[in-house]
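Asks: So you can see what is in the structure, the chains are spelled out below.
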Amino acid sequence: MSNNKNIEITDGLVCPIPMSQYSRILLAHGGGGTLSHQLIQKMFFSHFDNKILQVEHDGAVFEENGIRFAFSTDSYVVQPIFFPGGDIGELAVYGTVNDLAVCGAKPLFLSVGFIIEEGLEMETLWKIVQSIKKAADMADVKIVTGDTKVVDRGKGDKIFINTSGIGILGAGIDIAPNRVQVGDKIIINGKIAEHGVAILSAREEFDFNTTIKSDTAPLHDLILSILDRFPNVHMMRDPTRGGISSALNEIAAKTKLGIYLEESKIPIREDIKGICEMLGLDPLYIANEGKVLLFVPPNDADDVLETILRHQLGKHAAIIGEVVSKNPGKVVMKTTIGSHRIVDMLSGEQLPRIC
Amino acid sequence: MKFIDEYRDAKLVKLFSDKIREIITQSWVIMEVCGGQTHTILKYGLEQLLPDDLTVVHGPGCPVCVTPLEMIDKAITIARRPDVILTSFGDMMRVPGSEFDLLSVKAMGGDVRMVYSPLDALQIAERHPQKKVVFFAIGFETTAPANAMVVKEAWKKGIHNFSIVCAQVLVPPAIEAILSSGNSRVQGFLAAGHVCTVMGYEEYIPIANKYKVPIVVTGFEPVDLLEGIYMAVKQLEGNRYDVENQYKRVVKREGNVAAQTIMREVFTPVDRNWRGIGLIPMSGLKLSEQFSKFDAEIIFEVEKLSVSESDECIAGEVLQGLKKPHQCQLFGKKCRPEHPVGAPMVSSEGACAAYFRYNR
Numbered sequence: 001m002s003n004n005k006n007i008e009i010t011d012g013l014v015c016p017i018p019m020s021q022y023s024r025i026l027l028a029h030g031g032g033g034t035l036s037h038q039l040i041q042k043m044f045f046s047h048f049d050n051k052i053l054q055v056e057h058d059g060a061v062f063e064e065n066g067i068r069f070a071f072s073t074d075s076y077v078v079q080p081i082f083f084p085g086g087d088i089g090e091l092a093v094y095g096t097v098n099d100l101a102v103c104g105a106k107p108l109f110l111s112v113g114f115i116i117e118e119g120l121e122m123e124t125l126w127k128i129v130q131s132i133k134k135a136a137d138m139a140d141v142k143i144v145t146g147d148t149k150v151v152d153r154g155k156g157d158k159i160f161i162n163t164s165g166i167g168i169l170g171a172g173i174d175i176a177p178n179r180v181q182v183g184d185k186i187i188i189n190g191k192i193a194e195h196g197v198a199i200l201s202a203r204e205e206f207d208f209n210t211t212i213k214s215d216t217a218p219l220h221d222l223i224l225s226i227l228d229r230f231p232n233v234h235m236m237r238d239p240t241r242g243g244i245s246s247a248l249n250e251i252a253a254k255t256k257l258g259i260y261l262e263e264s265k266i267p268i269r270e271d272i273k274g275i276c277e278m279l280g281l282d283p284l285y286i287a288n289e290g291k292v293l294l295f296v297p298p299n300d301a302d303d304v305l306e307t308i309l310r311h312q313l314g315k316h317a318a319i320i321g322e323v324v325s326k327n328p329g330k331v332v333m334k335t336t337i338g339s340h341r342i343v344d345m346l347s348g349e350q351l352p353r354i355c
Numbered sequence: 356m357k358f359i360d361e362y363r364d365a366k367l368v369k370l371f372s373d374k375i376r377e378i379i380t381q382s383w384v385i386m387e388v389c390g391g392q393t394h395t396i397l398k399y400g401l402e403q404l405l406p407d408d409l410t411v412v413h414g415p416g417c418p419v420c421v422t423p424l425e426m427i428d429k430a431i432t433i434a435r436r437p438d439v440i441l442t443s444f445g446d447m448m449r450v451p452g453s454e455f456d457l458l459s460v461k462a463m464g465g466d467v468r469m470v471y472s473p474l475d476a477l478q479i480a481e482r483h484p485q486k487k488v489v490f491f492a493i494g495f496e497t498t499a500p501a502n503a504m505v506v507k508e509a510w511k512k513g514i515h516n517f518s519i520v521c522a523q524v525l526v527p528p529a530i531e532a533i534l535s536s537g538n539s540r541v542q543g544f545l546a547a548g549h550v551c552t553v554m555g556y557e558e559y560i561p562i563a564n565k566y567k568v569p570i571v572v573t574g575f576e577p578v579d580l581l582e583g584i585y586m587a588v589k590q591l592e593g594n595r596y597d598v599e600n601q602y603k604r605v606v607k608r609e610g611n612v613a614a615q616t617i618m619r620e621v622f623t624p625v626d627r628n629w630r631g632i633g634l635i636p637m638s639g640l641k642l643s644e645q646f647s648k649f650d651a652e653i654i655f656e657v658e659k660l661s662v663s664e665s666d667e668c669i670a671g672e673v674l675q676g677l678k679k680p681h682q683c684q685l686f687g688k689k690c691r692p693e694h695p696v697g698a699p700m701v702s703s704e705g706a707c708a709a710y711f712r713y714n715r
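In the order they appear, the protein sequences are chains A and B. Sequential numbering from 1 applies to the first sequence in our numbering. Sequential numbering from 356 applies to the second sequence in our numbering.
The shape of chain A in the complex, shown without the other chains (with noise of 0.2 Å):
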């Protein structure tokens, strides 16, 4: 790389990312670990800085005439888009959905964004769009306004799907990272990396035979369910690309606060394990897309759990950790062998475009 300075971008701003760091986008800048982070923060949030932005929530959530609001967006680009337990369309609506949800708020209205690569088959796309209505009446939300584009062959990956979604939220409700306590206990709804694992057993490079279904699904209704008794959550984040672990960590980091987690309460399959073993993948960094965590007060805790257990996407619900003050920033687990380690941050991508 010849030209080693920095790129000035606009009139007086430096590009705060090191050219002698990265000069071009990698994959792993969309990975959801360590470098997205970075990318994340450094260039985006400093340069878009506002108060609204700044909560780093999976949503935005403002108030206007008395109404609050969320509001949030996302694009799905993953491949295959079709994969076992889902696809692209359905994906695209629940994801935004959950987004939504987990800021609190009741989904009501979503646009969808398609950039269609020339060539497609008419046939595909038909599918995708019933599968994109059919979840929009799962998740009882409109889809309201769109846009369509095509790239030439080559250009693009068959099909890539942006929405964004907007919801209300009910009176009491304040779901935000800052809200985070120590003592906060946390609780997932079910067994973890389903999607990714799908999504890999899916791709032509690999030759499994599995029957690992993706989890996507719409999140509202457990969430809404939850907080029309426990109003008082504290804080929920869906943990999709890099996992619970990249989920759990950007929560520590925003708290400063730390998280402890036990290795042997967290939910998942043996098949899953096993896959994961084999292909040298850690679970805790595989993305879902039905998973919700959240921080309850440990007097409530319980009771949380026990509502969720009774939902039809809870069965296999866990509290996996707590929220301490020792290790700030960090998150700690306790081993199934009973020392401890750190869980980091996913510092790559383990797996490339799984949502």
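Quick caveat, the hints were computed from the structure, so don't treat them as lab data. Do not take every clue at face value.
[Claimed, not checked] No more than 25 Å apart at the CA atoms, straight line, and that leaves these computed lysine-lysine pairs for DSS-like:
id	chain 1	residue 1	chain 2	residue 2
1	B	K688	A	K265
2	A	K254	B	K689
3	B	K486	B	K512
4	B	K374	A	K334
5	B	K688	A	K254
6	B	K357	A	K213
7	B	K689	A	K273
8	B	K688	A	K326
As the structure is a computational prediction, the values presented were derived from the model and not from experiment.
Position chain B relative to chain A; hints supplied.
Replies: This is chain B only, laid out in the frame that chain A set:
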């Protein structure tokens, strides 16, 4: 998981940890050779369970870590050619060459693909006859048989657009290099279970005798490692230096003879540079005469390429057990997994990456 959970059993771990404490009477330094073992030690915090008198140092058994800079630069040079598809195991893609890594070559438009098996690379070659498909063959005796098999398969099928950059290395010469270096502080070894699965362990007997060091062939789970350490300490305390096999459920004395046969047919031993350590005689493998037309270094004329290493990185000392990763002034500062200076910070088997990830 059956056959794995048994070896992560908290009670057995405690049992071996207690037994080590019972028999140890003085300070000992033991090296685990393999990066997979280093990973388990750090991931399960096994050092927390060992007596202070016992120091575990981490050996040169991470194939990504010891692949010399010049070999990476050769692969990068080849990967940048428009007529080439370069295939590699995932770990290798992020190891910095002297200018950039393979992932950056990919971002610049090079066709670099991650594969899980060398056979996948051969399939890519069959699917893309107009391209030259190169596999970056790295690893110890564990990967060598499969990599040998794929070359032989290409030869049998007459696939002419396939070749390998051969960076294969061998464990016993590296152990000897460490022991004969003069400043070694290693008193006992845990040999790499997977390497011995292929090679057996007879070749370690002369090393144990010559240098008077106990060598215990050891597995990769927490119970394996603690039992292996226990066996090594017991030998040291009893003033013995035998080759013992902790990993009996997998490793046989003679190893996997079929795998050894194909390795010998396709590869031949050669002097090889190890990153951070330097030249170790007869410690590498190259393609034998019969298969040399699959040698990417010859095909793409990069044999002569040579580069020198960064003098800031102490990878060599780490890989010889002379220093621990956090004793490096770059550790966690200039050198981090997302911006590695030295190779041990890249692979999950690398000692520096394991320290960074589990033990900061």
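Asks: Each hint should be assessed against the structure and marked as holding or not.
Replies: Okay, the hints, checked on the actual structure:
Proposed proximity of K688 of chain B and K265 of chain A is contradicted: the alpha carbons are some 34 Å apart, above 25 Å. For the given pair, K254 of chain A sits about 23 Å from K689 of chain B by alpha-carbon distance, which is consistent with the 25 Å threshold. Our distance criterion of 25 Å between C-alpha atoms is met by K486 of chain B and K512 of chain B, whose separation comes to about 17 Å. About 23 Å separates the Cα atoms of K374 of chain B and K334 of chain A, which keeps this hinted pair within 25 Å; it holds.
Annotation: proposed proximity of K688 of chain B to K254 of chain A holds, straight-line Cα distance about 21 Å (limit 25 Å). The straight-line distance between the Cα atoms of K357 of chain B and K213 of chain A is roughly 22 Å, inside the 25 Å bound, and the hint therefore holds. A C-alpha spacing of about 34 Å is found between K689 of chain B and K273 of chain A, which places the hinted pair above 25 Å, so the restraint is violated. With a C-alpha separation of about 23 Å, the suggested pair K688 of chain B and K326 of chain A falls inside the 25 Å cut-off, and the hint holds.
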